[in-house]
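Working from the sequences, and respecting the hints, build out all of it.
Residue numbers (my numbering): 937 to 1138.
None of these hints come from the bench; they were simulated from the model.
Fair warning: there could be bad hints in the mix.
Claimed, not checked - Capping the alpha-carbon separation at 25 Å, the derived lysine-lysine pairs in DSS-like fashion look like this:
(1) K972 / K960
(2) K1106 / K1071
(3) K1042 / K984
(4) K1116 / K1127
(5) K977 / K1100
(6) K980 / K1106
(7) K1123 / K972
(8) K1100 / K980
(9) K1110 / K1033
(10) K1127 / K1101
(11) K1076 / K1106
(12) K972 / K1127
(13) K1100 / K1127
(14) K972 / K984
(15) K1043 / K960
(16) K1106 / K984
(17) K1127 / K980
(18) K1116 / K960
(19) K980 / K1123
(20) K977 / K1042
(21) K960 / K1110
(22) K1043 / K980
(23) K1123 / K1110
(24) K1110 / K1100
(25) K1071 / K984
(26) K1106 / K977
(27) K977 / K1043
(28) K1123 / K1076
(29) K1033 / K1071
(30) K1106 / K1116
(31) K1123 / K960
Everything numeric in this text was worked out from a predicted model, so none of it was measured.
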Amino acid sequence: MLWRVLPVFLAGLLLSGCATSPPKNINNLCDIFREKDDWYKSAKASQKRWGTPIHVQMAIIRQESAFRDDAQPPRSKVLGFIPWTRPSSAYGYPQAKDDTWDWYIKKTGNRGADRDDFADAVDFVGWYTDVSHAKLGISKWDARHQYLAYHEGHGGYRNHSYRKKAWLLKVADKVDRQSKAYAQQLKSCEKDLDTGWSLWPF
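Right, dumping it as structure tokens:
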């Protein structure tokens, strides 16, 4: 029996070792990009491709996963303690569901894209907000309404489903505040990030 279980255990151990740790300070965009310098390049590439500001993209990802590459909704429990199924297939940095991710791949041709790859995840957020702008007329600079469309889907947003969810409106306000804070922070370090200069000591 041990020879059957051991390979599965070792595979899980290897995969967990490959996981990317989230930034140490997720509340400061300059700290995030100094620690994860390739993330700035990816976020800027997404902004250039889709037109959604970096601070809006990053505020959405922060809310969805706190920058954890393997984030998933918690499992429901049977009898209050037995782990059961998850409420949705949302996964990775953007917490994108399977069907939405497949839609992204089909529309962009980004075959092989993974939700636990930051470059793919931030490009997805840029793409989705671009679609929200085209379909719903939401400004790409409007983090609050972009997040509501991101969370509820385009049909749900069009039907104003969020109006019946007081908790979601509070979360959207939080995303908006985080976006504005990120924008201010980025102003102080964007020039240095563009030149590749950093004081990050780790």
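Status of each hint after checking the structure:
1. With a C-alpha separation of about 10 Å, the suggested pairing of K972 with K960 holds against the 25 Å cut-off.
2. Taking the CA atoms of K1106 and K1071, the gap is near 24 Å; set against the 25 Å cutoff, the hint holds.
3. Using a Cα cut-off of 25 Å, the hinted pair K1042 and K984 holds, with the two alpha carbons roughly 20 Å apart.
4. Proximity of K1116 to K1127 is assessed by CA-CA distance (about 18 Å); at most 25 Å being required, the pair is judged to hold.
5. For the given pair, K977 sits about 38 Å from K1100 by alpha-carbon distance, which is inconsistent with the 25 Å threshold.
6. Pair hint K980 plus K1106 does not hold up; C-alpha atoms about 28 Å apart against a cutoff of 25 Å.
7. Taking the CA atoms of K1123 and K972, the gap is about 18 Å. The hint holds against a cut of 25 Å.
8. Pair hint K1100 plus K980 does not hold up; C-alpha atoms about 35 Å apart against a cutoff of 25 Å.
9. Distance restraint check for K1110 and K1033: the Cα-Cα separation of roughly 22 Å lies within the 25 Å cut-off, and the hinted pair is therefore satisfied.
10. Our distance criterion of 25 Å between C-alpha atoms is broken by K1127 and K1101, whose separation comes to about 40 Å.
11. A threshold of 25 Å between alpha carbons decides the hint, and for K1076 with K1106 the separation of about 20 Å falls inside it, so the pair holds.
12. As the CA atoms of K972 and K1127 are separated by approximately 16 Å, the hinted pair is consistent with the 25 Å bound.
13. Distance hint between K1100 and K1127 is unfulfilled; the C-alpha atoms sit about 42 Å from each other, more than 25 Å.
14. About 19 Å separates the Cα atoms of K972 and K984, which keeps this hinted pair within 25 Å; it holds.
15. With a C-alpha separation of about 34 Å, the suggested pair K1043 and K960 falls outside the 25 Å cut-off, and the hint is violated.
16. Only pairs whose Cα atoms come within 25 Å are accepted, and K1106 paired with K984 is rejected, the gap being roughly 30 Å.
17. Distance restraint check for K1127 and K980: the Cα-Cα separation of roughly 13 Å lies within the 25 Å cut-off, and the hinted pair is therefore satisfied.
18. For a cut-off of 25 Å, the pair hint linking K1116 to K960 stands: about 20 Å separates their Cα positions.
19. Under the criterion of a C-alpha separation no larger than 25 Å, the hint pairing K980 with K1123 is consistent with the structure, at around 14 Å.
20. Between K977 and K1042, the direct Cα distance comes to roughly 24 Å. Compliance with the 25 Å bound is thereby established for this hinted pair.
21. Taking the CA atoms of K960 and K1110, the gap is about 20 Å. The hint holds against a cut of 25 Å.
22. Taken as a hint, the K1043 and K980 pair is honoured in the structure, with Cα atoms around 20 Å apart against an allowance of 25 Å.
23. Of the supplied pair hints, the one linking K1123 and K1110 holds, its CA atoms being roughly 20 Å apart against a limit of 25 Å.
24. For a cut-off of 25 Å, the pair hint linking K1110 to K1100 stands: about 17 Å separates their Cα positions.
25. Among the hinted pairs, K1071 with K984 is consistent with the structure: their alpha-carbon atoms are about 20 Å apart, no more than 25 Å.
26. As the CA atoms of K1106 and K977 are separated by approximately 31 Å, the hinted pair breaks the 25 Å bound.
27. Between K977 and K1043, the direct Cα distance comes to roughly 23 Å. Compliance with the 25 Å bound is thereby established for this hinted pair.
28. At roughly 18 Å between alpha-carbon atoms, K1123 and K1076 fall within 25 Å of each other, so this suggested pair holds.
29. This hinted pair checks out: K1033 and K1071 have alpha carbons roughly 20 Å apart, not beyond 25 Å.
30. Using a Cα cut-off of 25 Å, the hinted pair K1106 and K1116 holds, with the two alpha carbons roughly 16 Å apart.
31. This hinted pair checks out: K1123 and K960 have alpha carbons roughly 20 Å apart, not beyond 25 Å.
Figure legend: structure checked against the earlier numbered hints; hints not met, in rising order: 5, 6, 8, 10, 13, 15, 16, 26.
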